[in-house]
Every structure is written in C-alpha cells, then in structure tokens.
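K.L.:
Sequence:
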Amino acid sequence: MLDYSYLVLHLPRGTSRNAARQILTEHAEYGGWELDRLRLYPDGRRDVRLRRKIIRATRTM
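All letters in the sequence shown, in the order written, are residues 1 to 61 by UniProt numbering.
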C-alpha cells in the first residue's frame, strides 16, 4: 500500500492563473509534489491539495 504526504495550499482570489501555475510548477519540479485535488470557488479563490509518495526504507537483512 502506498503512503502519501499531503500539502494544502490556499490561493487567494486575486491570484492570476499564471501565478498559480508557476507556484504549482515549482512545487512539482523542486519538491516532487503532484496535484491531488484542485477546488476553484465561485469567488475565485483556489484550494489545492498536493501529494507525494513517502519512501519507506526496508531492511534487506
């Protein structure tokens, strides 16, 4: 079974689409995060949930 760690970002309604894209791209490239869920509200704010796999070390001996 895969375990994930989650990061929730709250982007205010004044955030442009390009700025939101840049923020998510930086998290994906440098932090190894992937998009799990994006919620866009009618007033323009966004809630973004990112996830990444937790690598667990296993004993070999």
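Think of the hints as simulated: they come from the structure by calculation, not from any bench.
Any given hint could be a false lead.
Okay, derived cross-link-like pairs now, DMTMM-like style, lysine to aspartate or glutamate, Cα gap no bigger than 20 Å in a straight line [said to hold, decoys possible]:
| no. | residue 1 | residue 2 |
| --- | --- | --- |
| 1 | Lys53 | Glu29 |
| 2 | Lys53 | Asp36 |
| 3 | Lys53 | Glu34 |
| 4 | Lys53 | Glu26 |
| 5 | Lys53 | Asp3 |
K.L.:
With reference to the structure, classify each hint as holding or not holding.
P.N.:
Against the structure, the hints come out as follows:
no., hint, result
1, Lys53 x Glu29, "holds, 14 Å"
2, Lys53 x Asp36, "holds, 12 Å"
3, Lys53 x Glu34, "holds, 9 Å"
4, Lys53 x Glu26, "holds, 17 Å"
5, Lys53 x Asp3, "holds, 6 Å"
Of the hints listed earlier, there is not a single one the structure fails to meet.
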